[in-house]
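Residue strings, one per chain:
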Amino acid sequence: MPNQSPPTRYSAVAQGFHWLIAALIVVQFTLGWTAQFLPIGARKLERLDWHKSFGMTILTFAVLRLLWRLFHRPPELPAGMTAIEKTLARATHLLFYVLLFAMPLTGWMMSSAKNYSVSWFHQFTWPNLIGPNEQAFNLLRSTHDTLSWLLFALALLHILAALRHHFWNKDDVLKRMLPFTKSEKRT
Amino acid sequence: MRNLYLAGTAAVLLGAAAAAAASYTSDPQQSRLEFVGVQAGAEFKGVFHKFAVNVDFAPEALASSRIDVQIDMNSVDSLDKDRDTTIRGKDVFDVAHYPTAHYVTKSITKTAAGFSALGVLTLHGVTRDVPIEFQFAPGAAGAKLSGSAKLNRLDFGVGQGDWKSTETVGDAVKINFSLVLKPKG
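Chains as they are written, first to last, in this note's numbering: chain A, 3 to 189; chain B, 1482 to 1666.
Mixed in with the good hints there might be a few duds.
[Stated by the list, open to error] Computed cross-link-like contacts, SDA-like style, restricted to lysine to any residue with a CA-CA straight-line distance of at most 25 Å:
| no. | chain 1 | residue 1 | chain 2 | residue 2 |
| --- | --- | --- | --- | --- |
| 1 | B | 1645 | A | 17 |
| 2 | B | 1526 | A | 133 |
| 3 | B | 1562 | A | 128 |
| 4 | B | 1655 | A | 40 |
| 5 | A | 46 | B | 1561 |
| 6 | B | 1655 | A | 43 |
These are calculated hints, taken from the structure and not from any lab test. Quick caveat: nothing in here was measured; it's all calculated off a predicted structure.
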């Protein structure tokens, strides 16, 4: 259940989810965006193999993170923010959660549609979500691709906003997500 | 004396029956020849749409029984055009040089579960022994022959260049077949 009074910092668990998933997303962009320029062959297959394993890892963390988030309140946004800024911030975070699921799910469906089942680091195989279907694959690939650009833009906005809060507004919005720092008492 | 004569006739008749294995060919619409490989850590299945089957078989005449399958390698279908193009290409099946594969049994023996056969498979220009396990179920209009085999693709040189690595594509390949046989002639 949500606490009575909101915390002033993100908890260690929230920070762990945030930075771990952020790092995995950087890995995913590197693998996914470079793989598409490789010709069809073993090297491309291998790179996408890693991409899929990391993607399923992110999906698993996304499920855990969402469950955790449902029962834990994040710190409140600084009082100085305008209503529009707060709405924008909440919309950004909501969209992040949507993409955390949409990216791996469209990728997983893509693999299923192309009859390339998804392995998790060669330890086990995830079930196919849909049957082999070339049209569905083409649609899913363009969706996955478009969503990756959306995620990239959103991450850029997120980073710029965090820096703006830190250097311009001089509030603790960035610091409270950073491990090994202390947030000053908010006024 | 008469009984002995009858017994002798029966023995001759039984012997004749035992020696004759019935000849079959397969119904291509209902028969299936499937392979299961491991790619990027996950299994994938493919089939061959075109293959010719010639079977001489009778459970009581295994010595004269024989299974012969000729496979059109170009008819490979793994439910992905890109993969099929790669598989047909020179680094994998090289269908331009090796358009057909051929399997023929050398000996068939009865087992607890059904039958096992030792045969030779010629694939990608390489001939090797490959054992198979199968069941034979006679039916009203013919018979059903179904079973499986295991082989290592690299034994046949299937996978050159980057495809030699067993990290991306596993060496072991399973073969499953289900042949609906109809009498010849």
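Task: residue 1526/B paired with residue 133/A [C-alpha distance capped at 25 Å] - done: OK: residue 1526/B and residue 133/A at ~12 Å, within 25 Å.
Task: Pairwise hint evaluation, residue 17/A against residue 1645/B, where the allowed Cα distance is 25 Å at most - done: violated (43 Å)
Open item on the list: Hint check: residue 1562/B vs residue 128/A, CA-CA at most 25 Å. Holds or violated?
Closed with: holds (22 Å)
Task: Given pair status - residue 40/A, residue 1655/B, alpha carbons within 25 Å - done: Violated, because 29 Å separates the two Cα atoms, which is more than 25 Å.
Task: Pair hint outcome, residue 46/A versus residue 1561/B [Cα-Cα no greater than 25 Å] - done: holds (16 Å)
Task: Pair hint residue 1655/B and residue 43/A, alpha-carbon separation not exceeding 25 Å - done: Judged against 25 Å, a Cα distance of about 22 Å means the pair holds.
Hints 1 and 4, counting from the list given before, are not met by this structure.
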